[in-house]
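> Sequence:
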Amino acid sequence: VVPLWGRRAKRRRPDATYLEISGAGHCPHHESPECVNELLTRLLAEQGGEDAGLAGAEEGAAVAGAWPAAFSVRKLSGELQGLWERLQDALQP
Numbered sequence: 001v002v003p004l005w006g007r008r009a010k011r012r013r014p015d016a017t018y019l020e021i022s023g024a025g026h027c028p029h030h031e032s033p034e035c036v037n038e039l040l041t042r043l044l045a046e047q048g049g050e051d052a053g054l055a056g057a058e059e060g061a062a063v064a065g066a067w068p069a070a071f072s073v074r075k076l077s078g079e080l081q082g083l084w085e086r087l088q089d090a091l092q093p
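Numbering-wise (this note's numbering), the sequence shown opens with residue 1 and increments by one.
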């Protein structure tokens, strides 16, 4: 998912958790399966009522995990990032 689209979806569903994986391209489940598997496991655990460290993480904060150092994960609010995103968002129906 293009980050702009992910942030747009987050703005439309503020109760959703939006995580961005830096270092991964358009196919993170192939590029960093360890990262994606751990995040999905943690999201599912939180849906089941467990504290897996995602719901309580602050917006913009890095999320710690056991994935390779080439990847980093941040929990984001979905706010527009910079002039280019504001322009693209304004042009969308």
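Calculated from the structure, these hints are not laboratory results. C-beta: ideal position from N, C-alpha, C; glycine also. Where hints are given, some of them may not hold.
Unchecked claim - Distance windows between CB atoms, simulated:
#1 Glu-50 - Leu-83: 15 to 23 Å
#2 Thr-41 - Arg-86: 29 to 37 Å
#3 Thr-41 - Arg-74: 29 to 37 Å
#4 Ala-69 - Val-2: 33 to 41 Å
#5 Gly-25 - Gly-60: 15 to 23 Å
#6 Ala-90 - Gly-48: 16 to 24 Å
> Indicate, hint by hint, whether the structure satisfies it.
Each hint tested on the structure:
For the hinted restraint 15 to 23 Å between Glu-50 and Leu-83, the CB-CB distance of approximately 40 Å leaves it violated. Distance hint check: the CB atoms of Thr-41 and Arg-86 are about 35 Å apart, consistent with the given range 29 to 37 Å. Judged by the Cβ atoms, the range 29 to 37 Å given for Thr-41 and Arg-74 is violated: they are separated by roughly 18 Å. Against the hinted window of 33 to 41 Å, the Cβ-Cβ separation of Ala-69 and Val-2 comes to about 25 Å, which falls outside the hint.
In this structure the hint that Gly-25 and Gly-60 lie 15 to 23 Å apart at CB holds, the actual value being about 22 Å. Between Ala-90 and Gly-48 the CB atoms are about 39 Å apart, so this pair departs from the stated range of 16 to 24 Å.
Taken one by one, the earlier hints fail for this structure at numbers 1, 3, 4, 6, listed in ascending order.
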